[in-house]
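As a plain string of letters, each chain reads:
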Amino acid sequence: MEPLVQLRERILARFPGADVTVLPNPAPVGQDSLVIGREHALAIARFLRDDPELSLDYCSNVTGVDWPQQEVIETTRVTQPDPTTGTPKVYEQKTKRLTPAFLEVVYHLYSMARQHGPVIIRLRTGNRTDQVAVPSLTPIWRACEFQEREVFDLFGVTFEGHPDLRRILMWDGFKDHPMRRDYVEPDDYEWEPTAHDDVLKKAQEHLARAEGRQP
Amino acid sequence: MNLESGISPAADRSAPALPAALPPFNPAANAQVREVHDPFHGDLLEVSMGPHHPSTHGVFRMMVTLDGEAIVKLKPVFGYLHRNHEKLGENTTYLASMPYTDRLDYLNSMTNNWAYALAVEKLAGQPVPERAEYLRVILAELTRLLNHTCLAGFLLQDTGASGTPLMYAFREREKILDLFESISGSRMMCNFQRFGGCRVDATPDWLAATQRFVDGYNEFLDEYEALITGNEILMARTQGVGVLGPELAVNAGITGPMLRACGVNYDLRKVDGYGVYPRFDFRVPLGDHGDTYDRYMIRVLEMRESLGILQQALRDLPAGPIMDPKAKIRGLKPKPGEAYGRIEGPKGEIGFYLISDGSANPYRYRVRPPSFVNLTVLEDMCLGQTVADAVIILGSVDIVLGEVDR
Chain B
1 MEPLVQLRER
11 ILARFPGADV
21 TVLPNPAPVG
31 QDSLVIGREH
41 ALAIARFLRD
51 DPELSLDYCS
61 NVTGVDWPQQ
71 EVIETTRVTQ
81 PDPTTGTPKV
91 YEQKTKRLTP
101 AFLEVVYHLY
111 SMARQHGPVI
121 IRLRTGNRTD
131 QVAVPSLTPI
141 WRACEFQERE
151 VFDLFGVTFE
161 GHPDLRRILM
171 WDGFKDHPMR
181 RDYVEPDDYE
191 WEPTAHDDVL
201 KKAQEHLARA
211 EGRQP
Chain C
1 MNLESGISPA
11 ADRSAPALPA
21 ALPPFNPAAN
31 AQVREVHDPF
41 HGDLLEVSMG
51 PHHPSTHGVF
61 RMMVTLDGEA
71 IVKLKPVFGY
81 LHRNHEKLGE
91 NTTYLASMPY
101 TDRLDYLNSM
111 TNNWAYALAV
121 EKLAGQPVPE
131 RAEYLRVILA
141 ELTRLLNHTC
151 LAGFLLQDTG
161 ASGTPLMYAF
171 REREKILDLF
181 ESISGSRMMC
191 NFQRFGGCRV
201 DATPDWLAAT
211 QRFVDGYNEF
221 LDEYEALITG
231 NEILMARTQG
241 VGVLGPELAV
251 NAGITGPMLR
261 ACGVNYDLRK
271 VDGYGVYPRF
281 DFRVPLGDHG
291 DTYDRYMIRV
301 LEMRESLGIL
311 QQALRDLPAG
321 PIMDPKAKIR
331 GLKPKPGEAY
341 GRIEGPKGEI
351 GFYLISDGSA
361 NPYRYRVRPP
371 SFVNLTVLED
381 MCLGQTVADA
391 VIILGSVDIV
401 LGEVDR
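Respectively, the protein sequence lines represent chains B and C. So the first sequence is numbered by our numbering: it starts at 1 and just counts up by one. So the second sequence is numbered by our numbering: it starts at 1 and just counts up by one.
Just so you know, not all the hints are guaranteed correct.
Claimed, not checked - Here are some chain C residues the structure puts well away from chain B; computed CB gaps all over 10 Å:
| id | residue |
| --- | --- |
| 1 | N84 |
| 2 | A96 |
| 3 | G125 |
| 4 | L179 |
| 5 | M188 |
| 6 | N191 |
| 7 | R199 |
| 8 | W206 |
| 9 | L221 |
| 10 | G230 |
| 11 | L332 |
| 12 | P336 |
| 13 | S359 |
| 14 | L375 |
| 15 | G384 |
As the list claims (entries may be wrong) - Cross-link-like lysine-lysine pairs, in silico, DSS-like; alpha carbons within 27 Å at most:
| id | chain 1 | residue 1 | chain 2 | residue 2 |
| --- | --- | --- | --- | --- |
| 16 | B | K201 | B | K175 |
| 17 | C | K87 | C | K270 |
| 18 | B | K175 | C | K75 |
| 19 | C | K335 | B | K94 |
| 20 | B | K94 | C | K87 |
| 21 | C | K335 | B | K96 |
| 22 | C | K87 | B | K175 |
Unchecked claim - From the derived model, a few chain B residues whose C-beta atoms are all more than 12 Å from chain C:
| id | residue |
| --- | --- |
| 23 | S33 |
| 24 | E39 |
| 25 | T63 |
| 26 | D198 |
Hints listed in this document are in silico derivations from the structure and should not be mistaken for laboratory results. For every residue, glycine included, the Cβ atom is placed at its ideal position computed from N, Cα and C.
All chains, please: the whole structure from these sequences, using the hints.
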């Protein structure tokens, strides 16, 4: 199969102005992936499936990844002359950087007709709170139907164009998205039948909060 | 209670509370579905099969809408066994997830272990010694025998052949479980594979017992097939029931025997050639019609091929270590990166997708469950069939709810 850089060129030639970048994978297995912008995602997915050289007719795995905002400290080495002696000296500069927060949906594509793969594509949401929509690829691969529902259920990504977007593993009345990194499980310690020690303390605090008192 | 305000006047009671909107429904296979409440044609009947129905193989529920006896709509409902396996995997170390993978598909713990070990080995660039690869093949093919034997028994149970075929199948299953117990210490929760090899070596006694078992298994298959395969009732109940076309099967990501019953030649043992599978001579059985009978037959034929692989693997099993001496098992911290490892499990492609951020716990741990994805087309196969057929079709999909719900 052609390398991803070449595939990216072909996609860009077909869809001018599309947002496609190659994301290298540092692990020894070398499964690099393509990050695809939301506007052209559906058209590019259709191209990947219908192109005779690729014919990625089989979408194996669909999953979500949560990337909350993190502070990354990057160390760069700069060579500058020492102010007193004038000899070059290596300085370490540390810069703090905030990573963007987004949710990511990863698709592993294979070809059953040509028996090659995987081509990994990733769609990213704008942020983690109000811009959580990506186009659904269920119209292209039916295999995404339940798996995208699962990503919607556990991560809170809304798929535009999904025929039946409901919760699938959690129950319908459930509010949160348990697979997010910052998910806090509900405080239902008051149901502990024989509460003691920490659990009893937590239960009393919870009861106090529920009754509107200061714990 | 205040009677005057609490009881509604008669005018309100005259209008029954109709559901405002039905659950969204994608008319798969161009099925025409009419309203559930239809004063002219009569109402459709909505049946909730499960989650405690004995034929749903666990806590699985199907919301079935019936027109007379024909199914016009079927929505699977999952999640009764959901324990957020992936979150558990993210909160423990790489090694601690290994016994949890046994609980995914609790019939096939050996192949679950292997798929997870393969993904971690890909992530960390970990080689596996040859003897361990052969042991993995032997145990995976025994698992395939176990799973397909169970399926054949349960399928017959679902058709109403109560008891006898299932007990024949379980008799053989016990023999495999005895082998698993003597090598790993546990019948079903084997926890056998490690990153870079296997946990314990096979003794000569164990290999001799396995050889005896493999030699005698064709006899059991012959007996079982003589009883079942040509049985007129089984053929009447399964042939032409639940037909799945190859185009839909590929598009819906169906894998395993269910895909090959539609005639699509896709077996990861041949395609990926993971482990030492390229060294073995075996064929991939393919179906013609994609109906329930083909799905049963594919499993029987795959068992015969598995026996051939087992004979070759037991013959060629090399001596040597079962664990790479440089392998790091406890406290494994792979370098940042990601990997997707997949193998051909008895139910289809089981894969693990791992993202490492350099710490001792995986940043993301994802299971690609074959029977969960295979259920995508359950509705398409069941439309127009009867409820009794839906039970058989579900049986031939071969699900285990520990894996579907995770």
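Consistency of the hints with the structure:
no., hint, result
1, N84, "violated (6 Å)"
2, A96, "holds (19 Å)"
3, G125, "violated (4 Å)"
4, L179, "holds (31 Å)"
5, M188, "holds (24 Å)"
6, N191, "holds (24 Å)"
7, R199, "holds (24 Å)"
8, W206, "holds (33 Å)"
9, L221, "holds (29 Å)"
10, G230, "holds (32 Å)"
11, L332, "holds (13 Å)"
12, P336, "violated (6 Å)"
13, S359, "holds (13 Å)"
14, L375, "violated (7 Å)"
15, G384, "holds (19 Å)"
16, B:K201 <-> B:K175, "holds (26 Å)"
17, C:K87 <-> C:K270, "violated (33 Å)"
18, B:K175 <-> C:K75, "holds (22 Å)"
19, C:K335 <-> B:K94, "holds (22 Å)"
20, B:K94 <-> C:K87, "violated (33 Å)"
21, C:K335 <-> B:K96, "holds (22 Å)"
22, C:K87 <-> B:K175, "holds (17 Å)"
23, S33, "violated (8 Å)"
24, E39, "holds (24 Å)"
25, T63, "violated (4 Å)"
26, D198, "holds (19 Å)"
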